[in-house]
Amino acid sequence: MPGLEDLYREIILDHYRNPRNRGELTSPPALRVEGFNPLCGDEVVVYLDVDGDRIDDVRINGQGCSISQSSASMMSSAVKGKSLDEARKLIRAFKSLMSIHEQRLDGDGQPVDEPIAPEPGVALGDLEALQGVVKFPVRIKCATLSWNTLAQGLDEAENGAG
Amino acid sequence: MALDVTRVKKDFPLLDREVHGRRLVYLDSASSSQKPRAVLDAMDDVYETHYANTHRGVYAIAEEATAAYEGARGKLARFIGAAADRELIFTKNVTEAINLVAHSWARHNLGEGDAILLSEMEHHANLVPWLMLREERGVELRYLPVTDDGHLDVNDLDRLVDGVKLVSITAMSNVLGTLTPVREVADAAHAAGALLLVDAAQYVPHLPTDVAALGCDFLGFTGHKMLGPTGIGCLWGRESLLESMPAFLGGGEMIRDVRLDGWEPTEIPWKFEAGTQPIAEAIGLGAAVDYLEALGMRDVRAHEIALAGYALRTLKERYGDDITIFGPPDPNDRGGVISFTFRDVHPHDISQVLDESGVCVRAGHHCAKPLMRRLGVGATARASLYVYNDEADVDALADALQSVSDLFAR
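Quick note, the sequences are listed as chains A and B, same order. What the first sequence shows, in my numbering, is residues 1 to 162, in sequence order. What the second sequence shows, in my numbering, is residues 1 to 410, in sequence order.
Hints are computed from structural coordinates only; laboratory data are not their basis. Quantities reported herein were computed from a predicted structural model and do not represent experimental measurements. Even for Gly, the Cβ is constructed at its ideal location relative to N, Cα and C. Treat each hint with caution, since some may be false.
One side only, chain B facing chain A, incomplete, derived with CB under 8 Å [claimed, not checked]: (1) Asp321; (2) His348; (3) Ala363; (4) Lys369; (5) Met372; (6) Gly376.
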């Protein structure tokens with residue numbers, strides 16, 4: 001039976017109480033992407049200042065529970081200064097940590113449903129503290145909200161640049 | 001007579017279980033209620049002894065199933081004071097009941113420039129069907145506001161209702177517990193030449209209901225919030241109105257005749273019941289009505305006034321300004337739905353920590369996002385009471401909130 005201490009680790013509560021990179025960036029030039037969890041009404045706004053291939057700056061706004069807010073805070077620290085490619089690898093590594101499954105058709109047209117594999121060589125650092133969320137399946141959506149929003153922002157950054 | 005909650009609890013098998021090694025304290029009946037043994041047995045009995053499709057076979061068990069299904073309709077019709085059984089249409093839930101009126105009555109009678117009056121405290125089920133109609137037909141939507149203490153603000157009712165063709169409001173808010181002045185709104189609607197549809201999803205399970213006294217023209221409610229199964233709800237409508245309305249879903253059972261070049265609908269209520277219905281669910285809901293009537297709806301209401309009063313007092317005494325409770329402060333003005341925020345802890349986190357103590361409360365926007373915006377919050381936690389809850393359950397909630405306070409203390 002998972003306990004609350006698995007979920008509410010001290011580092012998570014610290015990011016919730018003292019969120020990093022909280023605020024806004026002037027948009028444009030910064031990208032502004034909104035994410036919603038329609039089930040609970042949580043919303044996150046991710047601002048990205050992308051210079052060429054690099055995330056120069058990031059800000060997080062919105063409202064949500066301790067899990068969604070701390071995950072967004074840790075994410076902002078983790079991706080700041082990273083290349084778009086590094087950020088994408090981080091997203092996959094985090095989704096792997098969250099045991100997110102990927103459904104697709106394999107080469108023979110057969111449906112495959114398997115967990116996203118860990119990204120070799122990507123260190124999640126503090127984000128590992130969110131591992132306990134996996135034991136509370138309803139809360140996985142809270143933890144991944146900002147990451148899905150970031151992924152959407154990276155898509156827009158690449159499409160906009162191209 | 002006061003409810004004997006200790007005995008009532010014993011009728012609900014699920015309430016016997018534990019979660020996380022703690023007694024289950026179920027405080028989410030506004031979302032969906034638990035089911036008494038009598039309802040579960042009634043549904044088992046259908047499948048084990050009387051099951052067949054209704055209104056089709058001439059053999060014995062088909063007759064039995066039909067009689068039980070129509071018998072359930074009669075129980076529900078009497079439960080809400082309908083003039084006749086045929087005024088009671090089985091639907092999937094209250095959402096389908098409202099959509100039935102929106103598709104059948106409203107699309108037949110309303111067009112561009114016609115107005116509908118709703119309120120700011122509606123559930124999405126009584127907003128989205130009308131927003132869809134606005135997009136499709138260009139009808140105008142107006143809204144009765146909500147006062148700061150969570151009452152429906154009817155000060156401007158006469159002006160707002162002027163020129164309106166339909167008024168559709170909740171009888172009891174699923175977020176605030178507020179009881180609304182349905183009769184006053186009905187009289188104003190009728191004086192303005194409008195019809196009144198009442199969303200009674202939170203009302204019928206908790207108060208004696210008499211559609212004639214309420215003065216409404218349509219009333220929708222759902223089975224799973226009143227000790228019945230999921231997948232079954234009801235729309236009551238005045239007979240003449242239902243007669244005048246075109247069919248909703250097309251298919252088997254709702255026809256008098258079908259030719260390759262046309263069709264004719266059958267009579268009400270079956271005109272609105274296309275396809276094989278949730279037969280066991282309807283019969284289970286009939287058993288839930290029997291159960292509630294045996295308790296007595298006046299006693300159910302008296303129990304909830306007393307228990308809501310106890311909950312409001314207890315939470316305020318224990319937590320003072322750390323807890324914000326929304327809705328009318330007088331338990332006589334509300335049902336046993338208590339939405340609150342606690343310190344600055346997000347409702348999801350409140351609910352998660354309460355679960356550790358076996359206490360089930362809902363967290364979120366409760367499918368009423370416009371009301372959340374009016375209250376100036378993104379979400380609330382909501383504890384809701386029913387016949388199987390007692391003061392010990394409220395105490396368990398109050399105790400468990402202390403661990404929320406401890407965990408999130410700065």
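> Would the stated hint for Met372 (chain B) survive a check requiring a Cβ distance to chain A of less than 8 Å?
Replying inline: With a closest approach of 7 Å, the Met372 (chain B) hint holds.
> Should the hint that Lys369 (chain B) touches chain A count as held when the rule is a Cβ pair under 8 Å?
Replying inline: holds, 7 Å
>> Restraint: His348 (chain B) near chain A, CB-CB cut 8 Å. Satisfied or not?
In response: holds, 4 Å
> Given Ala363 (chain B) as an interface hint, is the shortest Cβ-Cβ distance to chain A below 8 Å?
Replying inline: holds, 7 Å
>> Let's test the interface hint: is any C-beta of chain A closer than 8 Å to that of Gly376 (chain B)?
In response: violated, 12 Å
> Taking 8 Å as the limit, does the beta-carbon of Asp321 (chain B) come near enough to a beta-carbon in chain A?
Replying inline: violated, 20 Å
Hint violations for this structure: numbers 1 and 6, all remaining hints satisfied.
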